[in-house]
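K.L.:
Hey, can you work out the whole structure from these sequences and the hints?
Here is how the chains run, residue by residue.
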Amino acid sequence: MKLIQNKSKLLFCTLLFSVAVSILNSCTSVKEYQKNKLNDAEMTLSARKIEKTELNFQSYREGSSGANGGKTGGGCGCN
Amino acid sequence: MKKICLSVVGMYLSLLSALSQTTPNTDSSYKRRKLKFEEANIVSSYYKQDGNHAAVTGGIGSQALTDLSNSIDVKLTRYDKFNRKHSYSLEVGIDHYTSASSDKIDPKTLSSASHADTRIYPSFNWTMENEKKGTTFGATASYSQEFDYQSFGAALNFSKITENKNSEFAAKLQAYLDKWKVIYPIELRPQGYGTGGEDGGSVGSQPRNSFSVLVSYSQVINTRLQATLIIEPTYQQGLLATKYQRVYFTDGSEQAETLPDKRFKIPLGIRANYFLGDRFIIRSYYRFYTDDWGLRAHTIDLEVPVKITPFFSLSPFYRFYTQKGIKYFAPYGMHQSNNTYFTSDYDLSKFTSNYFGMGIRIAPPKGVLGIQQLNSLELRFGHYIRSTDLNSNIVSLHLKFKP
Chain S
363 MKLIQNKSKL
373 LFCTLLFSVA
383 VSILNSCTSV
393 KEYQKNKLND
403 AEMTLSARKI
413 EKTELNFQSY
423 REGSSGANGG
433 KTGGGCGCN
Chain A
3 MKKICLSVVG
13 MYLSLLSALS
23 QTTPNTDSSY
33 KRRKLKFEEA
43 NIVSSYYKQD
53 GNHAAVTGGI
63 GSQALTDLSN
73 SIDVKLTRYD
83 KFNRKHSYSL
93 EVGIDHYTSA
103 SSDKIDPKTL
113 SSASHADTRI
123 YPSFNWTMEN
133 EKKGTTFGAT
143 ASYSQEFDYQ
153 SFGAALNFSK
163 ITENKNSEFA
173 AKLQAYLDKW
183 KVIYPIELRP
193 QGYGTGGEDG
203 GSVGSQPRNS
213 FSVLVSYSQV
223 INTRLQATLI
233 IEPTYQQGLL
243 ATKYQRVYFT
253 DGSEQAETLP
263 DKRFKIPLGI
273 RANYFLGDRF
283 IIRSYYRFYT
293 DDWGLRAHTI
303 DLEVPVKITP
313 FFSLSPFYRF
323 YTQKGIKYFA
333 PYGMHQSNNT
343 YFTSDYDLSK
353 FTSNYFGMGI
363 RIAPPKGVLG
373 IQQLNSLELR
383 FGHYIRSTDL
393 NSNIVSLHLK
403 FKP
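These protein sequences, in sequence, are chains S and A. Oh and the first sequence: position 3 is 365 in this note's numbering, straight run, nothing missing. Oh and the second sequence: position 152 is 154 in this note's numbering, straight run, nothing missing.
FYI, nobody ran anything at the bench for these hints, they're computed from the structure. Hints are supplied without guarantee of correctness; some may be wrong.
Between beta-carbon pairs, the in silico distance windows are [to be verified]:
no.: 1; chain 1: S; residue 1: D402; chain 2: A; residue 2: E165; range: 19 to 27 angstroms
no.: 2; chain 1: S; residue 1: S380; chain 2: A; residue 2: E133; range: 46 to 54 angstroms
no.: 3; chain 1: S; residue 1: D402; chain 2: A; residue 2: Y48; range: 25 to 33 angstroms
no.: 4; chain 1: A; residue 1: K134; chain 2: S; residue 2: T406; range: 21 to 29 angstroms
no.: 5; chain 1: A; residue 1: I310; chain 2: S; residue 2: N401; range: 43 to 51 angstroms
no.: 6; chain 1: A; residue 1: K83; chain 2: S; residue 2: S380; range: 43 to 51 angstroms
no.: 7; chain 1: S; residue 1: T376; chain 2: A; residue 2: Q374; range: 36 to 44 angstroms
no.: 8; chain 1: S; residue 1: N401; chain 2: A; residue 2: Y320; range: 22 to 30 angstroms
no.: 9; chain 1: S; residue 1: N401; chain 2: A; residue 2: F322; range: 23 to 31 angstroms
no.: 10; chain 1: A; residue 1: P209; chain 2: S; residue 2: S380; range: 18 to 26 angstroms
no.: 11; chain 1: A; residue 1: F171; chain 2: S; residue 2: D402; range: 47 to 55 angstroms
no.: 12; chain 1: A; residue 1: N211; chain 2: S; residue 2: T376; range: 35 to 43 angstroms
no.: 13; chain 1: A; residue 1: Q338; chain 2: S; residue 2: D402; range: 50 to 58 angstroms
Non-contacting residues of chain S with respect to chain A, defined by C-beta distances greater than 10 angstroms in every case (computed) [to be verified]:
no.: 14; residue: L373
no.: 15; residue: L377
no.: 16; residue: Q420
Backbone N, C-alpha and C define an ideal beta-carbon position, used for all residues, glycine too.
P.N.:
Next up, the structure:
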């Protein structure tokens, strides 16, 4: 059972690594004047301000937190 | 509650009047060095939940809770003589909540000290950006105060963007030095121990310290796709259990929640955004989380803003979350009395949750409702369903002001 779990973990990590490598390989150099779509307010690579309270309640109501722009522990009487 | 609503209206009016008094400065060299108003944001949210697994009553009982949250932040910038951009952000937040379960710390009283509370949390951030080198340094100081909890926070951040501005590496070190009043349920208080309330005598307090390191790498992949990878290991020490939460054992005895005084968390997130055609944006996010209490979780988030016009968009969203509970959790009356650590807090149990809703964003070039300084308005509603019989609704409003 443990061997199957370890194999699936290895498979998952290999898959994740392959996806990351293929994404980075497909990168093209994008000039500033070509970034009108990337600079759209809804393309921002972080949680938006309006999601602030949502991220807080999710970190209170769920055991995990962090890596999403919300709290990762401390600062309030929560998990 | 009325006071908080009035404060928000007051903040909005004073901001609007301050903006309307801005006069253009014709001396450009002088203007660069002068402190300039960049933007201000007001975010207000109302959250309401209900469920029947309150941790204060040992995993049974009402989880009814409401939270009204308001925050305002103002950002100012200026350039120094080396042409570095300095940004200063001041944020103040006020949350007011009512909780049915907190009222059961002492069920005999009509209303206990923490049945309702207000949390105030100001913070100040400074960053210095060297546009030539592509580097940014910054520091943040924060404070938070509520009835039984006090927090001091500090953070340092650094980022470096490549010359072609297609890749960015960022790091942030953060520390919270917190102090928590130790409040026990009435029947578990030692002889002479206080309630924590204003008229109920003093109680002891214990520290809770949290340290985290956030590292992220962002990459522009092509003219429509960009992604970021984030890892944020966090170490916590001190009082990590909520002492007014009850735990009932198989032999009928009762104790206050007890958990280890250390916790190490590793969340790993990846976010990718894709602009599809001219109208659709696909915002996606995945997070894997694990910690040394045995909690493991997966989060998948998908949001698709649809641009009805260039200045008006609708954003349906869906989030799926699943977690394997911590090893110290058991439901009401199921713990063995010889256990060292125990909790019946369903937030730490095994469950799945679904969260979905819709957002609206309006950002016309002449300002929302013709008010030039009101740059954008966002409204968002979400419904949350947890497999352990907890439901909640949240509505949020974001107003952005720019000169």
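K.L.:
All the hints need checking, so say for each whether the structure fits it.
P.N.:
Hint by hint, here is what the structure shows:
With their beta carbons about 23 angstroms apart, D402 of chain S and E165 of chain A fall inside the hinted range of 19 to 27 angstroms. Taken as a hint, the range 46 to 54 angstroms is violated for the pair S380 of chain S and E133 of chain A, whose Cβ atoms sit roughly 36 angstroms apart. The beta-carbon spacing between D402 of chain S and Y48 of chain A, approximately 28 angstroms, falls within the hinted interval of 25 to 33 angstroms. In this structure, K134 of chain A and T406 of chain S meet the distance hint of 21 to 29 angstroms, their C-beta atoms being roughly 24 angstroms apart.
Take I310 of chain A and N401 of chain S: their Cβ atoms lie about 20 angstroms apart, and the range 43 to 51 angstroms is violated. For K83 of chain A and S380 of chain S, the hinted distance range of 43 to 51 angstroms is satisfied, since their beta carbons lie about 49 angstroms from each other. Under the hint 36 to 44 angstroms, the C-beta atoms of T376 of chain S and Q374 of chain A, about 54 angstroms apart, miss the expected range. For the hinted restraint 22 to 30 angstroms between N401 of chain S and Y320 of chain A, the CB-CB distance of approximately 26 angstroms keeps it satisfied.
For the hinted restraint 23 to 31 angstroms between N401 of chain S and F322 of chain A, the CB-CB distance of approximately 29 angstroms keeps it satisfied. Look at P209 of chain A against S380 of chain S: about 44 angstroms separates their beta carbons, and that is not inside 18 to 26 angstroms. In this structure the supplied range 47 to 55 angstroms is violated for F171 of chain A paired with D402 of chain S, their Cβ-Cβ distance being about 23 angstroms. Against the hinted window of 35 to 43 angstroms, the Cβ-Cβ separation of N211 of chain A and T376 of chain S comes to about 37 angstroms, which satisfies the hint.
Judged by the Cβ atoms, the range 50 to 58 angstroms given for Q338 of chain A and D402 of chain S holds: they are separated by roughly 56 angstroms. Chain A leaves L373 of chain S outside its interface by the beta-carbon criterion, the shortest separation being 15 angstroms against a cut-off of 10 angstroms. With 10 angstroms as the threshold on Cβ separation, the claim that L377 of chain S sits away from chain A holds: the shortest Cβ distance comes to roughly 13 angstroms. For Q420 of chain S, the shortest C-beta to C-beta distance to chain A comes to about 8 angstroms, within the 10 angstroms cut-off, and the non-interface label is violated.
Checked against the numbered hints listed earlier, the structure breaks hints 2, 5, 7, 10, 11, 16; every other hint is satisfied.
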